[in-house]
Amino acid sequence: MDLVKWNRDVMDPFKELDRIQDEINRLFDFPRLIETEGIFDRTFSPAVDVVEHADDYTVICDLPGVDPKDLQVSVEGDVLTIKGEKKYETKEKDAKYYRNELFEGSFQRTLSLPYGVDADKVDARLKDGVLTIVLPKKEEVKPKQIEIKTK
Amino acid sequence: MKGKEIEKRAEKRTEERSERRLRPLYRVHETDGKVIVELEMPGVTKDGLEIKIENNELHILGRREPATKEGEYLIKERREGDFYRVFTLDNTIDQDKVDASLSNGLLTITLGLKESEKPKLITVKTG
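Residue numbers (our numbering), protein chains in the order written: chain H, 43 to 193; chain E, 47 to 173.
Incorrect hints may have been included.
Pair ranges (Cβ atoms, derived) [as the list claims (entries may be wrong)]:
no.: 1; chain 1: E; residue 1: E161; chain 2: H; residue 2: K163; range: 55 to 61 Å
no.: 2; chain 1: H; residue 1: Y130; chain 2: E; residue 2: R67; range: 23 to 29 Å
no.: 3; chain 1: E; residue 1: E100; chain 2: H; residue 2: T123; range: 42 to 48 Å
no.: 4; chain 1: H; residue 1: K186; chain 2: E; residue 2: E103; range: 54 to 60 Å
no.: 5; chain 1: H; residue 1: Y130; chain 2: E; residue 2: Y119; range: 18 to 24 Å
no.: 6; chain 1: E; residue 1: P112; chain 2: H; residue 2: K191; range: 38 to 44 Å
no.: 7; chain 1: H; residue 1: K180; chain 2: E; residue 2: G49; range: 52 to 58 Å
no.: 8; chain 1: H; residue 1: P110; chain 2: E; residue 2: K50; range: 17 to 23 Å
Non-contacting residues of chain E with respect to chain H, defined by C-beta distances greater than 12 Å in every case (computed) [stated by the list, open to error]:
no.: 9; residue: D78
no.: 10; residue: M87
no.: 11; residue: K98
no.: 12; residue: G158
no.: 13; residue: I168
no.: 14; residue: V170
No wet-lab data here; the hints were simulated from the structure.
Remember, it's a predicted structure, so these values are computed and weren't measured experimentally.
Backbone N, C-alpha and C define an ideal beta-carbon position, used for all residues, glycine too.
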């Protein structure tokens, strides 16, 4: 007799594959890993997306709960820095916390920009907790369509 | 089972999976006869928000608009998908006293406690 692992649904091989996939996904399911730089200095780097379009580079960054006043975006040479502080108001001193997953404190993220970004025309917008920075490309690096003439 | 049926099932599963849901980070505290739940939902607007109480469960769904402009991703760290989280409410919560507000991607839900659960001060009379 063979020893076979008991499978509830032998007829459905996808079930087992799904289960494995679920298990692996769960391993990565930590919302955001907070990076620690030192024992006392807890800062975190927010996750970013950088998307290249024909005329610009767009940087998207999730910053929920951040006040525009506490946010600083700067371009220095070819380095983009997103810096700020996340302060959640806790007016009630006697508040009883049951669970707190939210991070509070300062954060910073630096990105080196590709060649040809026009630093004078950078546009940054914070809406619904999402920061969108549009970095236009200089004319010289934009793709050019060359017209083909027929004789 | 026939091959076609298996194929169909596999297709259905992929469809379910394409609708990815993320669990928003949250904190809960109790103060002044209220329970306050705060959830981080960046990119969710008022219209994309769906909050309902069903069978003593508080369901929170925050839909996000996918990126409209297509481009080439050089870095992709943000997770895509809608936010979804369910909380079980116990019977100390007054389900008619639920309030929600959204600002800067932070959703605040205020749940009122039932009158009978609030601490009562009893004055001591002298004499």
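Consistency of the hints with the structure:
no.	hint	result
1	E:E161 / H:K163: 55 to 61 Å	59 Å, holds
2	H:Y130 / E:R67: 23 to 29 Å	24 Å, holds
3	E:E100 / H:T123: 42 to 48 Å	45 Å, holds
4	H:K186 / E:E103: 54 to 60 Å	57 Å, holds
5	H:Y130 / E:Y119: 18 to 24 Å	31 Å, violated
6	E:P112 / H:K191: 38 to 44 Å	41 Å, holds
7	H:K180 / E:G49: 52 to 58 Å	56 Å, holds
8	H:P110 / E:K50: 17 to 23 Å	55 Å, violated
9	D78	7 Å, violated
10	M87	6 Å, violated
11	K98	21 Å, holds
12	G158	15 Å, holds
13	I168	20 Å, holds
14	V170	23 Å, holds
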